[in-house]
Every structure is written in C-alpha cells, then in structure tokens.
Amino acid sequence: YFIQIGAFKKDINSFIRDVFEKLAGNKKLYQHNYNDLHIYRIGVFSKYNEAQTQLSIVKTGGIPDAFIIAYNNGKRIDLQTARRLE
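FYI, the numbering for the sequence shown is 1465 to 1550, going by the working numbering.
Certain hints may be false.
Computed list of lysine-lysine pairs in PhoX-like fashion (alpha-carbon distance at most 20 Å, straight line) [to be verified]:
#: 1; residue 1: LYS1492; residue 2: LYS1523
#: 2; residue 1: LYS1511; residue 2: LYS1492
#: 3; residue 1: LYS1539; residue 2: LYS1492
#: 4; residue 1: LYS1523; residue 2: LYS1486
#: 5; residue 1: LYS1491; residue 2: LYS1523
#: 6; residue 1: LYS1539; residue 2: LYS1511
#: 7; residue 1: LYS1511; residue 2: LYS1491
#: 8; residue 1: LYS1523; residue 2: LYS1511
Think of the hints as simulated: they come from the structure by calculation, not from any bench. On a predicted model such as this, the values are computed, not experimentally measured, just so you know.
Generate coordinates for the entire structure from the input sequences, incorporating the hints supplied.
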C-alpha cells in the first residue's frame, strides 16, 4: 500500500518536499511522472491498517485529500483485492 499525497503539473518546491518528507515519517517519499503529472506518495505499507494509521497523520498534517492506493506486482489494484491478498 501507498498513500498518495499529491499530483502536480509542476514539480514541487523544496518547502513542500520538506513537508511531505516530515509527513512520511519513517517511510519513503516516492515521486513518479504519469500523464504529465508529478505524483507523490508515501510507502510502502505491507498492511492496510498501517497505511490507514499513517493516512490519519497525513490528513491531520494538512493534506485532507490524501488517499490509500495499492499495487501488486507493479500494477495498481483496487483496495478490496489488496486486502484479500494480505
């Protein structure tokens, strides 16, 4: 699981990156490009409950529209499927 925290047309500045790094806690901040967007996410979480706990911290920290996403073998999957695979 990952927590997606932002998608931007332009890359973020160092201040925003620092905020994202703090919200990531002991997890890694990932950035990748998709359809001309810079996507930022925090992870990896092996359990949905771990991601849910961190999501609460992220939302309280100022990113209320953050959400959990899941991948399996490098492909995005829906959360119901991911939870069955745990």
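message: LYS1511 and LYS1491 were given as a pair; does the straight-line alpha-carbon distance stay at or below 20 Å?
response: Given pair LYS1511, LYS1491 holds - Cα atoms ~13 Å apart, limit 20 Å.
query: Do the alpha carbons of LYS1523 and LYS1511 lie within 20 Å of each other, as the hint requires?
result: Between LYS1523 and LYS1511 the Cα gap is close to 19 Å, so the pair holds against 20 Å.
task: Take a quick look at whether LYS1523 and LYS1486 sit within 20 Å of each other, Cα to Cα.
output: holds, 13 Å
task: With a cut-off of 20 Å on the C-alpha distance, tell me whether LYS1539 and LYS1492 pass.
output: holds, 19 Å
- prompt: Is the Cα-Cα distance between LYS1491 and LYS1523 20 Å or less?
  reply: holds, 16 Å
message: Just to be careful, I want the Cα atoms of LYS1539 and LYS1511 compared with a cutoff of 20 Å; is the pair within it?
response: holds, 17 Å
- request: For the pair supplied as a hint, LYS1492 and LYS1523, confirm whether the alpha-carbon distance does not exceed 20 Å.
  value: Within the cut-off at roughly 17 Å; holds.
query: Under the criterion that the straight-line Cα-Cα distance not exceed 20 Å, is the pair LYS1511, LYS1492 satisfied?
result: holds, 16 Å
Of the numbered hints stated above, none is contradicted by the structure.
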